[in-house]
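Here's the letter readout for the chains.
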Amino acid sequence: MVRMRDVTLAFGEHVVLNGLDLDVAAGEKVVIIGPSGSGKTTILRTIMTLNRPQSGTIEIDGRQLYHEEKGDDLVPASEKHIRSVRSDISMVFQHFNLFPHKTALENVTLAPVKVLGRSKAEAEEEGMRLLTEVGLADKAGARPIQLSGGQKQRVAIARSLAMHPKVMLFDEVTSALDPELVGDVLNVLRKLAERGDMTMMLVTHEMGFASEMADRVVMFDQGRILEEGPPSQIFKQPREERTQRFLRAVLSH
Amino acid sequence: MTWDWEFAIERFPDIAKGMLVTIQATLMGMALALVVGLILALGRRAPQKWIAWPFRAVIEFIRSTPLLIQLFFLYYALPEVGVVLDPMPALVFGLGLHYGTYCSEAYRAGIDDVARGQWEASTALNLGTVTTWASVILPQAIPTSIPALGNYFVAMFKDAPLGSTISVAGVLFMARSIGSSTFRYLETLTMAGFLFLLVSIPAALLVRRLEGRYGYAK
Amino acid sequence: MLENFILSPQAYTRLWEGTQVTVLVFVFSTALGTALSLFFGVARLAPQRWVRTLASVYVEFARGVSAIILLFWMFFALPPLLGISLTPMVAGVLALGINMGAYGAEVVRGGIQAVPEGQTEATIALNMTDRQRLAHVVLPQAIPVILPPFGNLMIEILKGTALVSLITLSDLAFEVQKLRVNRVVIADSATTPMLYINALIFYCILAQTVTAVFGYFERRTVRSFGGAR
Numbered sequence: 001m002v003r004m005r006d007v008t009l010a011f012g013e014h015v016v017l018n019g020l021d022l023d024v025a026a027g028e029k030v031v032i033i034g035p036s037g038s039g040k041t042t043i044l045r046t047i048m049t050l051n052r053p054q055s056g057t058i059e060i061d062g063r064q065l066y067h068e069e070k071g072d073d074l075v076p077a078s079e080k081h082i083r084s085v086r087s088d089i090s091m092v093f094q095h096f097n098l099f100p101h102k103t104a105l106e107n108v109t110l111a112p113v114k115v116l117g118r119s120k121a122e123a124e125e126e127g128m129r130l131l132t133e134v135g136l137a138d139k140a141g142a143r144p145i146q147l148s149g150g151q152k153q154r155v156a157i158a159r160s161l162a163m164h165p166k167v168m169l170f171d172e173v174t175s176a177l178d179p180e181l182v183g184d185v186l187n188v189l190r191k192l193a194e195r196g197d198m199t200m201m202l203v204t205h206e207m208g209f210a211s212e213m214a215d216r217v218v219m220f221d222q223g224r225i226l227e228e229g230p231p232s233q234i235f236k237q238p239r240e241e242r243t244q245r246f247l248r249a250v251l252s253h
Numbered sequence: 001m002t003w004d005w006e007f008a009i010e011r012f013p014d015i016a017k018g019m020l021v022t023i024q025a026t027l028m029g030m031a032l033a034l035v036v037g038l039i040l041a042l043g044r045r046a047p048q049k050w051i052a053w054p055f056r057a058v059i060e061f062i063r064s065t066p067l068l069i070q071l072f073f074l075y076y077a078l079p080e081v082g083v084v085l086d087p088m089p090a091l092v093f094g095l096g097l098h099y100g101t102y103c104s105e106a107y108r109a110g111i112d113d114v115a116r117g118q119w120e121a122s123t124a125l126n127l128g129t130v131t132t133w134a135s136v137i138l139p140q141a142i143p144t145s146i147p148a149l150g151n152y153f154v155a156m157f158k159d160a161p162l163g164s165t166i167s168v169a170g171v172l173f174m175a176r177s178i179g180s181s182t183f184r185y186l187e188t189l190t191m192a193g194f195l196f197l198l199v200s201i202p203a204a205l206l207v208r209r210l211e212g213r214y215g216y217a218k
Numbered sequence: 001m002l003e004n005f006i007l008s009p010q011a012y013t014r015l016w017e018g019t020q021v022t023v024l025v026f027v028f029s030t031a032l033g034t035a036l037s038l039f040f041g042v043a044r045l046a047p048q049r050w051v052r053t054l055a056s057v058y059v060e061f062a063r064g065v066s067a068i069i070l071l072f073w074m075f076f077a078l079p080p081l082l083g084i085s086l087t088p089m090v091a092g093v094l095a096l097g098i099n100m101g102a103y104g105a106e107v108v109r110g111g112i113q114a115v116p117e118g119q120t121e122a123t124i125a126l127n128m129t130d131r132q133r134l135a136h137v138v139l140p141q142a143i144p145v146i147l148p149p150f151g152n153l154m155i156e157i158l159k160g161t162a163l164v165s166l167i168t169l170s171d172l173a174f175e176v177q178k179l180r181v182n183r184v185v186i187a188d189s190a191t192t193p194m195l196y197i198n199a200l201i202f203y204c205i206l207a208q209t210v211t212a213v214f215g216y217f218e219r220r221t222v223r224s225f226g227g228a229r
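Residue numbers (the working numbering), protein chains in the order written: chain A, 1 to 253; chain B, 1 to 218; chain C, 1 to 229.
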């Protein structure tokens with residue numbers, strides 16, 4: 001579903017992604033771990049087109065994201081093409097980024113109406129269904145300022161789901177939450193993980209959660225994949241020294 | 001009508017001379033405004049309500065009404081009560097008073113920005129009102145106000161041509177009088193505008209640089 | 001003493017007529033100015049460099065040139081240049097509107113830049129177009145930041161309308177000048193200084209009205225965010 005080939009991204013002198021190769025199969029749940037500043041978030045951001053890589057290609061469901069095929073060559077894609085491929089991707093942010101001037105339901109229905117062309121009634125019906133699924137049906141008319149962090153994040157998840165993406169990216173979605181609110185969000189993520197049609201990529205520090213729901217864990221450091229494998233292997237028997245050091249530091253909390 | 005270069009070049013010296021007068025008026029007006037502004041700011045902050053309120057009313061009244069009318073008042077109306085002002089003094093006084101109210105707001109913001117602890121330290125050291133203001137508060141408040149004051153300086157420059165309506169021989173007056181006697185306004189007004197841009201754009205850039213230096217972004 | 005301050009009914013009628021013209025000029029100029037502010041404010045942040053440059057040129061020029069010089073240029077210099085004729089009203093509205101647009105564009109730009117980057121990123125994650133992003137997410141959040149300085153700007157325009165009296169438009173300022181000259185005919189007991197003070201009070205009332213209207217809108221936008229921001 002997601003195929004990254006030789007992706008390189010540097011901010012000035014600082015190389016964040018260094019010739020990255022990464023494959024994610026359809027329906028796979030991949031968790032990316034690694035030290036702060038290692039560039040894990042940037043991986044998600046390049047897929048979401050928030051940061052453009054200087055070189056390399058990214059394929060989503062068989063289609064090039066940043067390039068178009070012209071005969072045998074790959075040329076830089078037009079805005080229209082990028083939007084078309086991007087419609088299969090969505091992202092949930094660490095700081096929620098809900099629209100403060102809209103209610104929870106309006107947050108969820110805005111994009112389906114404007115981008116997918118749904119009617120207001122359709123969008124609201126689905127929006128209510130999604131809000132119910134994340135346990136916030138009673139907060140449909142509330143504004144973000146009236147919601148707790150955990151509630152805001154769940155609305156954000158519903159908002160992304162309303163766009164029916166094939167790939168969902170989760171960027172440290174519990175890192176900004178008070179500890180007692182983290183559980184509610186993780187429950188929603190667990191439910192999502194049960195869906196076979198949803199490809200998920202998560203950057204997270206919640207190792208316990210990762211070990212139970214991930215199909216594969218990727219250890220990322222200094223712009224490259226250090227090692228990857230099923231959670232049982234990575235968490236119990238990491239091969240690389242740096243992985244071991246990282247896990248020791250993180251899990252000893 | 002098309003542009004007549006000969007005419008333009010012939011009249012340029014007069015326009016430029018007018019510009020010098022306009023700049024002169026602005027400099028004098030600003031000097032007055034800086035002083036008036038400080039007095040108004042201090043008066044507005046007086047702890048006694050019966051002093052502060054009139055200051056506030058006067059500041060609001062002058063600030064929210066047209067400079068043009070105020071100039072007319074100074075030049076056409078005052079003679080009736082025995083105060084006769086020549087065009088340039090009337091313009092300088094009008095600019096100084098009108099922009100004095102703006103400057104008072106800039107000073108006020110600068111004063112408000114001075115940390116509360118400074119006031120408390122002055123009280124603890126028993127410094128007395130005058131010393132507190134002169135040695136502690138104002139030396140900190142005024143640098144903060146400089147970018148805003150700089151902006152008002154540039155703004156005043158753009159209002160100075162209003163002097164042409166009370167016979168001050170500034171750049172606009174020259175452009176208009178040449179225009180009315182030759183029926184050609186195009187070259188004179190365009191040159192006047194061009195000279196204006198030549199002065200005001202660099203001045204504005206300089207003020208922006210000041211904003212960076214004094215870290216004042218409002 | 002009071003009879004020195006109060007003008008005759010005829011005088012007040014004239015002033016009222018002038019006020020109506022002033023309000024008309026104000027409304028048209030601010031309408032044009034607001035449209036230009038939005039357009040060029042957004043253009044200043046456009047992805048294409050040439051658009052940004054063009055917008056910057058407009059802002060620098062229309063701000064740098066004095067409003068009164070622009071006004072005279074519009075009325076006396078532009079028509080012969082283009083071979084058209086402009087009424088004082090059109091020239092006045094154009095000059096004031098163009099001048100306001102430059103200042104307003106900077107306010108709009110500042111407001112847009114004040115909207116957190118995360119909001120833009122959320123709209124990208126939801127695959128919205130630039131236009132949708134601007135209209136539904138960015139501008140609505142920029143407005144509370146834009147309103148207070150915009151209100152101040154409109155007071156400046158209100159004061160600027162007095163300039164149209166110089167190109168023979170019969171606004172409040174022009175009526176005052178006429179009254180001063182024609183006082184012999186109207187036979188007021190009021191002194192000339194008081195005539196001008198009356199006019200200033202008229203302007204002051206107009207300014208307070210504009211401020212009050214803006215205050216109302218500022219409070220309303222705070223509410224649409226669900227309370228204190």
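Derived from the structure by calculation, the hints contain no laboratory data. Glycine is no exception: its CB is placed at the ideal position from the N, C-alpha and C atoms. Wrong hints could be hidden among the right ones.
Distance windows between CB atoms, simulated [to be verified]:
1) B:A121 / A:P179: 40 to 48 Å
2) C:I201 / A:A142: 42 to 50 Å
3) B:Q140 / C:V90: 45 to 53 Å
4) B:T123 / C:A114: 31 to 39 Å
5) A:G183 / B:L210: 48 to 56 Å
6) C:A35 / A:P76: 29 to 37 Å
7) C:Y216 / A:A176: 42 to 50 Å
8) A:E69 / C:V222: 36 to 44 Å
9) C:S85 / B:S177: 48 to 56 Å
10) C:T168 / A:Q146: 37 to 45 Å
Right, here's what the structure says about each hint:
| no. | hint | verdict |
| --- | --- | --- |
| 1 | B:A121 / A:P179: 40 to 48 Å | holds (42 Å) |
| 2 | C:I201 / A:A142: 42 to 50 Å | holds (48 Å) |
| 3 | B:Q140 / C:V90: 45 to 53 Å | holds (50 Å) |
| 4 | B:T123 / C:A114: 31 to 39 Å | holds (37 Å) |
| 5 | A:G183 / B:L210: 48 to 56 Å | holds (53 Å) |
| 6 | C:A35 / A:P76: 29 to 37 Å | holds (35 Å) |
| 7 | C:Y216 / A:A176: 42 to 50 Å | violated (36 Å) |
| 8 | A:E69 / C:V222: 36 to 44 Å | violated (51 Å) |
| 9 | C:S85 / B:S177: 48 to 56 Å | violated (23 Å) |
| 10 | C:T168 / A:Q146: 37 to 45 Å | violated (57 Å) |
Going through the hint list in order, the structure does not satisfy hints 7, 8, 9, 10.
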